[in-house]
Amino acid sequence: MNLRVLYFASMRDHAGVDAERVTTVAKDARGLFGELRARHGFVLDAARLRVAINGAFASWEQVLRDGDEVVFMPPVSGG
Amino acid sequence: MNLRVLYFASMRDHAGVDAERVTTVAKDARGLFGELRARHGFVLDAARLRVAINGAFASWEQVLRDGDEVVFMPPVSGG
Amino acid sequence: MIGISRFALVEASIDGVALGRDLARPDAGACVTFEGWVRDHNDGRRVLRLDYQAYAALAANEGEIILAEAVRRFAVAEARCAHRTGSLAIGDLAVWVGVSAAHRGAAFDACRFIIDEVKLRVPIWKNEHYADGESGWLHPDNTPVSR
Amino acid sequence: MIGISRFALVEASIDGVALGRDLARPDAGACVTFEGWVRDHNDGRRVLRLDYQAYAALAANEGEIILAEAVRRFAVAEARCAHRTGSLAIGDLAVWVGVSAAHRGAAFDACRFIIDEVKLRVPIWKNEHYADGESGWLHPDNTPVSR
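Chains as they are written, first to last, in the numbering used here: chain A, 1 to 79; chain B, 80 to 158; chain C, 159 to 305; chain D, 306 to 452.
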């Protein structure tokens, strides 16, 4: 399964890229995050992050499908 | 004793003038108001009005002096 | 009145943009403004226009006192208020309040305080002209003065 | 998103005056605006400039949801919000909120609600650049993300 992952703010700094194509066998967002965390050395826990899939907020348990756009978002700080 | 009295809003409508010179023997603002009320037929009670003397809020008991500028103000409605 | 003037009675249009420029401070992160506009109705009656009368000397003094109170009570960088006098049409800007502060809580609270106190304490009176040809002076709660 | 757009991400300067014109209604007697300006300090450190990053698709959608909630919850005539992205200098306008309403209570409450929710929920991130050469992404309470 091929996915596109976007990174913002401190997550982008750790990943070193704005976005990447990822090939994975992870079933859900939580599994995908575990793989990416090991690869990029993210310091933020999943508990500090929110998930978006295809431009909408999603749960960590949402089942991933081929072609999904996934984002792990650190706490926001607009305004 | 000669005073100058200014009128605003509904008080001006009843008095028919913006301002007038008044000759009085009234000792304080309350006494002066009683005279003017009888003359102009004001409908608002003293309890609804505030007094200003020489550009500052004043009490009904403030002693009047020759040349004072006196205003009996209806409830305000700015904003 | 000693010191800067923060309150103004204005006979022509109020320029909120110009007033807002006086609020800029490098340590201010928040700016809240209130504008009072002339509404086309009040108390169920259709309003065509209105006039404001002010006891100018006392209004200017009381306005300054309110603004100084706001700066003293809230963590405010700067504050300004301008109130129209004369004849206004529907949609016209009747009163403008602006407050800058390091943080938004103080800016909101001070702005609300100023407009509430101005409406309660500053000797300005509103005369509404209605579609039925009548007109009337209003009380602070926008009910008519007894006829 | 169906219906009018009330929220915008803006890459260049925000024009608060133009946004304010969209709030005019003949039955609106109050207009409250909030402006967030870039401050020269945060958490005891001197700030030189900052960058905002946004997840644009989700930010636009979540912003519209917040503005629609405000219009539904409060007795509001109209509401608008614009938030900058990109690089900003001290004093620059980072976020603008404007609300018109028949009465001032609803305008104040809705304006405060919108800026509070935007800061909590909209995926926008602030990176402050400090006088000591460091920079850092911030949390919603303006404390740094763990290094």
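Just so you know, these hints were derived from the structure itself, not from any lab. Check before you lean on any hint, since a few could be wrong.
Residues on chain A that point at chain D, a partial pick, calculated with CB under 10 angstroms [as the list claims (entries may be wrong)]:
#1 M1
#2 Q62
#3 M73
From the derived model, a few chain C residues whose C-beta atoms are all more than 10 angstroms from chain D [as the list claims (entries may be wrong)]:
#4 A186
#5 R230
#6 I248
If the Cβ cut is set under 7 angstroms, some of the chain D residues that face chain A in the computed set are [said to hold, decoys possible]:
#7 L398
#8 V400
#9 K431
#10 Y435
#11 G438
#12 S440
#13 W442
All values reported here derive from a predicted model rather than from experimental measurement. Here a beta-carbon is modelled for each residue, glycine too, at the ideal position from N, C-alpha and C.
Tested hints:
no. : hint : in the structure
1   : M1   : violated, 22 angstroms
2   : Q62  : violated, 15 angstroms
3   : M73  : holds, 5 angstroms
4   : A186 : violated, 6 angstroms
5   : R230 : holds, 21 angstroms
6   : I248 : violated, 6 angstroms
7   : L398 : violated, 12 angstroms
8   : V400 : holds, 5 angstroms
9   : K431 : holds, 4 angstroms
10  : Y435 : violated, 15 angstroms
11  : G438 : violated, 16 angstroms
12  : S440 : violated, 10 angstroms
13  : W442 : holds, 4 angstroms
The structure fails to meet hints 1, 2, 4, 6, 7, 10, 11 and 12 from the earlier list, while all remaining hints are met.
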